[in-house]
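*Asks:* Listed below, chain by chain, are the residues.
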Amino acid sequence: MSDVPAALPASAPLPASATVVVVGAGVTGLSAAWWLARSGVDVVVIDKGIVGWEASGRNGGGASHYQSPLFAEEQRLWPQMDELLGYPTEYQRERIIIQRDAALLDHYRAVGRMCSAMGYRVDDLDSAQAQAMVPLTDATCLGGIHLRFGGHANPQRTVQAYAWALQDLGGRIVQHCAATGFATAGGRVTGVETARGTIACDAVVVAAGPQAAALLAPIGIDFPVTAARAEMIVTEPAPLMPIGGVDGNGLYGRQTLRGNLAFGGGPHEWIATTGDGPEARPASPLIRSLARRVAEMFPRAAHLNVIRSWAGIVENTPDGRPILDRVGNVTVATMSGVGFGLSPASGHAIRDLVVDGECSFADIAKLGLARFADLEPDWREQRGWAAQAADTGLAA
Amino acid sequence: MTVDVFDLTGKIAPPEARYDVVVVGAGSAGTAAAIEAAEGGRSVLLVDENPVPPGMMGTDVPLFYGGRMTAAAANPARMVEAIFAANPLLETAFDAGVEVLLGTCAWGLYRNGPAMRTLPGAMLGLADADRAWMVGYGELVLATGARDVVLGFPGWDRPGVMGAQALYALLTRYEALSTRRVLILGSDRLALETALLARAHFIEVAGIVEIGDTVRAPAELVAHVVAAGITIHTGTVIARAEGGIDGVERAVLLRDGIEIVVAVDTICLAIGTEPATELLDASGPADAAIRLVGDCAGSGSDRAAIAAWSRAIGAVAAPETIVCQCEEVSRADLLGVQPPRYLDRPIALAARSLATLGHDGPVDPDQIKRLTRAGMGACQGRRCRTQVACILSEASGLSVNPATYRAPVRPIPLKLLADWDEVAAMAAGWDVWFGIPTQWTPYAKIGTDDEAVGGNMHV
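Those protein sequences? They're chains U and D, same order as listed. Going by the working numbering, the residue at position 226 of the first sequence is 226; the numbering climbs one at a time, nothing skipped. Going by the working numbering, the residue at position 402 of the second sequence is 402; the numbering climbs one at a time, nothing skipped.
Honestly, the hints are just simulated from the structure, not real lab data. Cβ coordinates follow ideal geometry from the N, Cα and C atoms, glycine included. Each hint should be verified, as a subset may be incorrect.
[Stated by the list, open to error] In silico negatives: residues of chain D with every beta carbon more than 10 Å from chain U:
#1 232
#2 297
#3 315
#4 447
[As the list claims (entries may be wrong)] Selected chain D positions facing chain U (Cβ under 8 Å, derived; list incomplete):
#5 134
#6 284
#7 343
Kindly generate the complete structure, drawing on both the sequences and the hints.
*Replies:* Here it is in structure tokens:
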């Protein structure tokens with residue numbers, strides 16, 4: 001990341017108070033703030049950096065999450081988001097999953113049947129149909145499934161759209177202002193502390209990604225998340241396919257409206273983060289294995305140049321499922337690495353938790369903190385999720 | 001301890017070769033460093049991306065060639081010959097035992113550090129016309145030179161607008177410059193030496209253009225140029241380049257409100273240079289094993305002079321003047337922080353601009369890059385990142401850095417970058433996402449006997 005000289009003026013003055021302070025201007029926090037502002041709530045979002053700068057702005061952009069209790073709301077909202085926000089998200093409908101491996105194809109056909117059973121149409125594609133729908137593949141593609149729901153959007157453009165839409169409703173965003181702690185009185189949070197002062201508030205939403213755990217511990221909330229790095233590559237533009245949201249061959253991603261193929265997948269690395277976030281977001285030679293799989297999935301695009309790679313830092317919970325819960329006047333949220341696509345709905349759910357104490361449109365009880373009551377302190381080590389120490393693997 | 005089979009640990013293969021010293025860039029500084037290391041008894045690899053494939057030169061890799069290569073640039077054998085002829089030290093390097101690989105670019109530098117602990121060692125990604133591979137090093141010497149600062153005036157996207165480093169390379173290294181008559185922008189040593197070089201190669205120099213009232217180069221050099229009968233236009237700016245299907249045919253200059261038309265086929269930007277440090281920029285700060293030599297170790301040209309040129313060009317440019325050629329981003333789009341033209345622009349966007357973004361905090365060049373797409377194209381920002389930073393700095397009144405580089409810092413085809421020889425653990429431990437089966441359990445099944453149904457199914 002480029003450094004901005006310290007001499008530059010700080011961002012907008014720190015508000016003295018707000019009804020709700022949202023900690024974290026990632027896609028979940030911004031959506032929550034936007035939903036709160038839509039309900040007329042006076043909301044301030046603070047962030048250690050700029051809006052959507054971590055995984056929220058640099059992910060695969062998928063919007064098709066059958067496993068979530070927020071699925072129906074996700075599907076209802078995405079087609080409206082450009083209009084609701086007033087800014088383009090590049091949302092495109094529908095997805096295709098193709099495979100070159102018979103067992104994987106069977107597996108995804110089963111996923112398709114499951115979604116169909118939930119009332120969301122999925123069509124099976126044979127090889128010829130898949131090739132017609134995905135012109136960049138060839139006869140090595142055995143077939144696929146066509147999701148007549150879901151889709152994809154541009155992550156950075158979407159987080160910016162949330163931010164701007166929030167401001168248009170009177171919401172305030174304070175960038176480069178990390179939360180350092182909470183002021184409490186009578187067992188309730190009364191303010192969010194930062195290096196620039198304290199913002200008094202009636203309620204707080206913590207959607208601070210990997211940083212949430214250290215922030216919440218001092219007020220007695222055990223928030224089990226741990227961070228990892230995931231990587232993506234992007235090619236120069238290819239001719240547009242009819243549906244840009246094409247996954248398969250171990251990859252997730254999309255063809256952007258510009259035509260670039262942007263794909264990720266494969267191994268991650270568990271890393272340590274600080275209160276200020278990750279120290280760096282390096283990509284690794286894993287990009288060569290990503291390039292291989294993109295070339296295999298899209299043989300007719302194998303000549304295209306890879307022009308960028310990047311990494312994002314995401315947090316996961318012990319079971320990989322979101323935490324959406326409220327403790328007193330503190331609402332806590334992580335989407336456990338699958339937050340972008342669900343953001344229209346997660347923001348709605350968080351708004352409901354803050355304002356009404358419960359989600360109005362879905363049962364999210366199983367996403368509460370209670371499920372971790374018996375979590376052992378070494379849960380990371382038990383899963384092999386602990387970050388490697390600094391002195392390993394460093395021999396040149 | 002439990003192992004997460006989907007973790008990256010053990011999946012990145014060690015480099016296929018390791019050298020005591022790897023030198024990137026076989027110019028004079030790099031070749032000298034390679035020879036010195038080899039004579040000291042160390043194993044040395046010296047790589048240079050030249051000759052660059054003609055298709056790459058067409059997208060201005062690594063320099064701003066502006067389409068003024070002759071057909072000779074498409075003859076690799078001849079190009080290799082020309083490179084050896086241009087740098088006699090390469091023979092010495094061979095004799096000293098240096099392994100020399102031409103036509104081989106370095107596209108990525110990878111080291112363990114913050115947020116990356118799993119590499120089997122520091123490694124450099126290389127690629128030639130046939131494959132990509134990784135090499136390890138004890139010491140890495142970067143001798144990657146400098147590249148031209150490119151500032152976009154109206155018509156700069158026509159073939160025939162090029163950089164001085166590219167002109168120098170095509171003339172001396174490749175003997176493959178098609179220019180017949182050139183106008184040179186800038187009056188520093190770089191510009192005047194470029195003019196004299198062109199003249200020495202029997203290319204007509206139609207003039208030198210300086211925005212200031214005085215020539216910036218040393219008097220002795222100015223005397224040479226004047227003696228050669230080359231006109232220096234001071235107090236003058238380039239207003240636009242005009243031409244046809246073959247590119248530039250005329251430069252239109254502006255002096256005291258009066259247009260001067262100069263018939264040329266090439267306009268050469270010799271306003272300034274900047275060190276070509278993208279390998280390091282994309283990787284992180286240098287460490288004790290990395291040494292920069294030659295022009296890439298310098299700080300580049302006087303930033304104030306470059307900024308002055310940028311302002312002068314900004315004064316004659318139109319809102320629709322292109323800043324980013326790859327993504328066709330205009331000055332107005334950049335300053336308005338507007339989305340690309342293939343997206344609708346709802347009314348609300350008209351109220352958004354660099355100024356409103358500035359209210360949210362210091363302007364971040366990468367944020368603007370992603371929103372406008374300026375610098376996001378196939379040239380990887382080489383052509384426009386500096387001028388984008390200049391324009392953003394002028395408009396915001398702040399010092400805005402250029403947007404960051406990303407590996408691969410050279411465009412590499414998918415099939416060539418691909419690792420077709422992965423360690424077995426890579427495929428065995430590959431999942432679409434994190435490989436946490438409970439992440440994908442349909443919500444209704446959580447806590448039921450069917451919890452395992454579905455398995456690991458990322459959609």
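*Asks:* Please go over all the hints and tell whether each is borne out by the structure.
*Replies:* Here is how each hint holds up against the structure:
1. Every Cβ of chain U is farther than 10 Å from the Cβ of residue 232 of chain D; the closest lies at roughly 36 Å, confirming the non-interface assignment.
2. No beta-carbon of chain U comes within 10 Å of the beta-carbon of residue 297 of chain D; the shortest separation is about 20 Å.
3. With a least beta-carbon separation of about 25 Å from chain U, residue 315 of chain D lies farther than 10 Å from that chain, consistent with its non-interface assignment.
4. The non-interface label for residue 447 of chain D is inconsistent with chain U: the shortest C-beta to C-beta separation is roughly 6 Å, within 10 Å.
5. Restraint check, residue 134 of chain D versus chain U: the minimum CB separation of about 6 Å is within 8 Å; hint holds.
6. For residue 284 of chain D, the suggested interface contact is upheld, since its CB lies about 6 Å from the closest CB of chain U, less than 8 Å.
7. The beta carbon of residue 343 of chain D is positioned within 8 Å of a beta carbon in chain U (closest approach about 5 Å), and the interface hint is therefore held.
Consistency note: the structure conflicts with earlier hint 4 alone.
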